[in-house]
Each structure stands twice: as C-alpha cells, then as structure tokens.
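Visitor: Take the sequences, apply the hints, and build the full model.
Numbering of the sequence shown is given in numbering that gives the first Met the number 0, commencing with residue 0 and proceeding in unit increments.
Keep in mind that the hints were calculated from the coordinates and are not lab data. C-beta atoms are modelled at their ideal positions from N, C-alpha and C, and glycine is treated no differently. Take these hints with a grain of salt, some might be off.
Claimed, not checked - Here are the computed distance ranges between Cβ atoms for each label pair: (1) L56 x R87: 24 to 32 Å; (2) L29 x E9: 19 to 27 Å; (3) T25 x R57: 35 to 43 Å; (4) R47 x V101: 32 to 40 Å; (5) N86 x C21: 31 to 39 Å.
What the hints assert, rightly or not - Calculated lysine to aspartate or glutamate pairs in the DMTMM-like style (CA-CA distance at most 20 Å, straight line): (6) K10 x E41; (7) K17 x D50; (8) K5 x E44; (9) K5 x E72; (10) K27 x E41; (11) K5 x D50; (12) K17 x E79; (13) K27 x D43; (14) K27 x E52; (15) K17 x D43; (16) K10 x D32; (17) K27 x E44; (18) K27 x E79; (19) K5 x D32; (20) K10 x E72; (21) K17 x E41; (22) K27 x E9; (23) K27 x E72; (24) K17 x E44; (25) K17 x E52.
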Amino acid sequence: MERVTKLASEKPVVIFSKSSCCMCHTIKTLFYDFGVNPAVYELDEIPRGRDIEQALLRLGCNPSVPAVFIGGELVGGANEVMSLHLNRSLIPMLRRVGALWV
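Guide: Here it is, written out as structure tokens:
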C-alpha cells in the first residue's frame, strides 16, 4: 500500500490502469482530451503490478482499475470520475492541483 501512496503522489493526476481495459482507455482519453498529462501505470506491464492491484483492492477500488488519484487522493474508478465530470466538479479539481492551467 505504501508503494501505491508513493506513486499516487508523484504527479497531480495518477491513473492505475491495464492496457487491455476499455474503461481505463476511456478515462485516460478523457484526461488527455482536457490537456492533462497524467502518470499512467499499466499494471499488466510493470513489475509487481499484481501487488499494486491487490493494494488498490484493499483501498476500496472495485474493480481495481481504473483507479484515479488527483492531488494524491483516491478519487475512484470510472464511475466516480464520470460523475465528477458530469456534475462539473472534475475540471475545478484538476485546476486546484495544478493539472490544468486554463
């Protein structure tokens, strides 16, 4: 869990993903379309990715990916991110942590 916390705080937006996950692709595309440059960790492509996935499950991410951290805090998965976007809370949150400049 300590590794997840460390990785999640390295950039304003961090996404834990799997390269074969369509919802992960959708969430990454949403952030890229905003002009955000998130740190993306593809758990099926990095060493000890399975350990990170287990830690995300223990943090309450179910399913474990996508798991989005903004400002070092767990926001949640695709449903939570899309809810924030639809209620117009996501962009102000991204501005607050310095992930968006405009």
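Visitor: Against each hint, give a clear statement of whether it holds in the structure.
Guide: Right, here's what the structure says about each hint:
1. L56 x R87: 24 to 32 Å: Given about 30 Å between the Cβ atoms, the range holds.
2. L29 x E9: 19 to 27 Å: Holds, since L29 and E9 (Cβ atoms, about 20 Å apart) stay within the stated range.
3. T25 x R57: 35 to 43 Å: violated, 25 Å
4. R47 x V101: 32 to 40 Å: holds, 36 Å
5. N86 x C21: 31 to 39 Å: For C21 against N86, whose Cβ atoms are near 23 Å apart, the range 31 to 39 Å is violated.
6. K10 x E41: Status holds; Cα separation ~16 Å.
7. K17 x D50: With a Cα-Cα distance of about 13 Å, the restraint between K17 and D50 holds, given a limit of 20 Å.
8. K5 x E44: holds, 19 Å
9. K5 x E72: Within the cut-off at roughly 11 Å; holds.
10. K27 x E41: holds, 11 Å
11. K5 x D50: Holds. K5 to D50 sits at ~14 Å (cutoff 20 Å).
12. K17 x E79: Judged against 20 Å, a Cα distance of about 18 Å means the pair holds.
13. K27 x D43: holds, 16 Å
14. K27 x E52: With Cα atoms ~18 Å apart, K27 and E52 stay inside 20 Å; holds.
15. K17 x D43: holds, 6 Å
16. K10 x D32: holds, 18 Å
17. K27 x E44: holds, 16 Å
18. K27 x E79: Holds: K27 and E79 sit about 14 Å apart, inside 20 Å.
19. K5 x D32: The given pair, whose Cα atoms are some 26 Å apart, is violated under the 20 Å limit.
20. K10 x E72: Holds - the C-alpha atoms of E72 and K10 are around 11 Å apart, at most 20 Å.
21. K17 x E41: Holds, at about 5 Å.
22. K27 x E9: holds, 17 Å
23. K27 x E72: Roughly 17 Å between the alpha carbons, so the hint for K27 and E72 holds.
24. K17 x E44: Within the cut-off at roughly 8 Å; holds.
25. K17 x E52: holds, 10 Å
Hint compliance for this structure: hints 3, 5, 19 are broken, all remaining hints hold.
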